[in-house]
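Peer 1: Sequence:
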Amino acid sequence: MFKAIIFVILFLPCCVYAKQSNLNYIENANGDRVKKVSHLVKWTHTRFVFNRDIARVALGHETTLDVNVVNGRELLILAKKLGRTSMMVWYDDNTSETFLLGVTEDYSVLENALNDIHPNLALTIAPDRHAVVLRGEVPTLNYRHAAHEAAKNYLYASSSQSGQPVITSAPNQGMFNSLAQRLQGMGNLNNGLAQSSSKVAIINLIKVTQAPKPKEARIAQVLKSMGANKVTVKRISVDELSNDDNDVFMLSGTVKNQIELVRLLNTINKLFEPEQASQAPTSALDPNGLISSATQNETSAIEVLANESGGLLNDDSGLTLSNVNSNVARATLLSVAKGKVLSSIEVEDLPQVRVSVQLYEVNQRRLKQWRPDISVLSNGYNNEQGLFGLEGMNARESGSASIENALQLIGGQLTNNLQLSTSQFAIDMLFSLLEQEGISRTLSRPTLTVLAGESAVFKVGGEVPVPTSYSPSGVTSGQQGNSGSVFSGTEFKSFGVELNVRALVDDKDRITLDLNPVISLPDTTLTAEIAQSTGSSLNSSAFNTRSMQTSTRLQDGQPLIIGGLISTDNNASHDFVPDVNGESLFGKLSETTSKSENNRELIIVVTPNLVREPVNNLRVWQTVDLDSQMASFIQEQGL
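With mature numbering (1 follows the signal peptide of the UniProt record, and there is no 0) applied, the sequence shown corresponds to residues -18 to -1, 1 to 621, in that order.
There may be inaccurate statements among the hints.
Stated by the list, open to error - With a straight-line cut-off of 30 angstroms between C-alpha atoms, the simulated DSBU-like cross-links for lysine-lysine are:
1) LYS252 - LYS212
2) LYS212 - LYS238
3) LYS475 - LYS490
4) LYS134 - LYS189
5) LYS18 - LYS206
6) LYS189 - LYS17
7) LYS63 - LYS134
8) LYS195 - LYS238
9) LYS195 - LYS212
10) LYS577 - LYS350
11) LYS62 - LYS18
12) LYS322 - LYS238
13) LYS238 - LYS490
14) LYS24 - LYS63
15) LYS212 - LYS322
16) LYS206 - LYS490
17) LYS189 - LYS252
18) LYS320 - LYS238
19) LYS195 - LYS206
20) LYS490 - LYS212
21) LYS252 - LYS238
22) LYS24 - LYS62
23) LYS18 - LYS63
24) LYS212 - LYS320
If you are wondering where the hints come from, they were derived from the structure by calculation, not from laboratory data.
Please build the complete structure, drawing on both the sequences and the hints.
Peer 2: Next up, the structure:
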């Protein structure tokens, strides 16, 4: 122990370091004089001026810096190679001083950009890895994000991202080689600046004094801004510590209607889109149904997990008739943002739509020949509108269109492609009048009730058996044992009237109807023409099909008339007085030839009505009848 102490004492005078720095100032390449410097810009000179004479200088890595002693008290340093090294300076009084210097590229442009974002931001070079470090203290997270984006745009800029090249067409290869030395072990950088700059990592150590709001607080803020005061959000933590990447957020409560639900969930999904984009594949990706359609590589924002009965919705559920995927108000559990948000929000108002369909067939030939009796009309001619009115009907208005509007249909003007909306009362009166005159007849009056957003199908007609036959591949009818066909069967072809209706209800109780009527009837004339043109008889009948598709918006209870679906029957007859041989007895004098053409138009009247569930918490008013009141009065009077 004693020898060790003596050893230290003997060598202590040779290892004495200056307690105070003998460095007066440092003059950089810009001519600025500073007291301290941590890194030098490559291929620039820097002056170190001291207040004592310099005895000698030692470098840890001589290829990094080139040091020359000038006038005994100055050092002229040239930064040659990217890297870090130590420089020890001994003075004439046997004291020494050590400087740790790094050589980097010129990041002055990036440093000025960071200073423009916030004056507290600084850029340094990581001593142990190939990275730039962003440091400082900023008030909000926006400054931190802006600094990171500025560093990324500067370091990762390349000619492939814009039309203007960042570097010349023939860059200095020595620059790439030197940068490759700085980024040793990070890959070959001879392919261009974009490849080399992409190897420089960005370490963001910027401190934010104001902590960002938690994710559930941001979701609650969105709920409040959209007026969803009855909806709450709760975080379900997977681990003990909260983590926005792993935790699930549960939405519960009630909203007014399905429109508010879809708007709310799609807006919340936007809060998670940056996270989804970072986890999505690198392939290129591209919100008026109830759910906006997605591209092939992207799924819908809202996914149904369970239907209204609580059954899980999957490929094996067999719910082929359920349209719960597009009518999400029926679902009891929804998934948003790829499972990061679960919703059990209930919809208070899920209306049903009662669709009444009336099918009328109008004989156009009789309609053109018919003239309404003027005695049916009352009050004569309306000078204001130029229309006649039905007797006794002026006292009652029938909605947006009155009886006079309905009468415009029967003046021999039931034209093709007829489509208008009027009142139900006017339509009933019109067709009642036409039926009394033998011009029209009622085919059917079905009524269907469906949930808003669902489809209803009405069919009336029959089926025609159609024989089918086919031969398997490689088998012909000429082979022994085969009689024309190997397999045969019978299919049934539907005919008649088919009406597909889909009703949507908006937040103002307006009903949007999607209609697709199809009329298909066997056509014997067409069958004969096909057989005559092909030279072979048909085993089945040809069909004459008429269809149309339209969408319209109506008020509650406002009917829609669809016409223009006309069928034509051509009849020809040849009558004569026969003789013994079956020929005309007197030739042309005893022959009669007649042809008739009868056009029948199908008129479809569709009337949607909103049907809502009764409010069960309202009490029914109860009144006492007159007999009960009289009995109570007699009892009180003692009579």
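Peer 1: Determine for every hint whether it applies to the structure shown.
Peer 2: Against the structure, the hints:
| no. | hint | verdict |
| --- | --- | --- |
| 1 | LYS252 - LYS212 | holds (21 angstroms) |
| 2 | LYS212 - LYS238 | holds (10 angstroms) |
| 3 | LYS475 - LYS490 | violated (42 angstroms) |
| 4 | LYS134 - LYS189 | holds (18 angstroms) |
| 5 | LYS18 - LYS206 | violated (53 angstroms) |
| 6 | LYS189 - LYS17 | holds (26 angstroms) |
| 7 | LYS63 - LYS134 | holds (24 angstroms) |
| 8 | LYS195 - LYS238 | holds (28 angstroms) |
| 9 | LYS195 - LYS212 | holds (21 angstroms) |
| 10 | LYS577 - LYS350 | holds (18 angstroms) |
| 11 | LYS62 - LYS18 | holds (20 angstroms) |
| 12 | LYS322 - LYS238 | holds (24 angstroms) |
| 13 | LYS238 - LYS490 | holds (12 angstroms) |
| 14 | LYS24 - LYS63 | holds (7 angstroms) |
| 15 | LYS212 - LYS322 | holds (21 angstroms) |
| 16 | LYS206 - LYS490 | holds (22 angstroms) |
| 17 | LYS189 - LYS252 | holds (27 angstroms) |
| 18 | LYS320 - LYS238 | holds (25 angstroms) |
| 19 | LYS195 - LYS206 | holds (15 angstroms) |
| 20 | LYS490 - LYS212 | holds (21 angstroms) |
| 21 | LYS252 - LYS238 | holds (22 angstroms) |
| 22 | LYS24 - LYS62 | holds (6 angstroms) |
| 23 | LYS18 - LYS63 | holds (21 angstroms) |
| 24 | LYS212 - LYS320 | holds (24 angstroms) |
In summary, the structure is inconsistent with hints 3 and 5 from the numbered list given earlier, while agreeing with the others.
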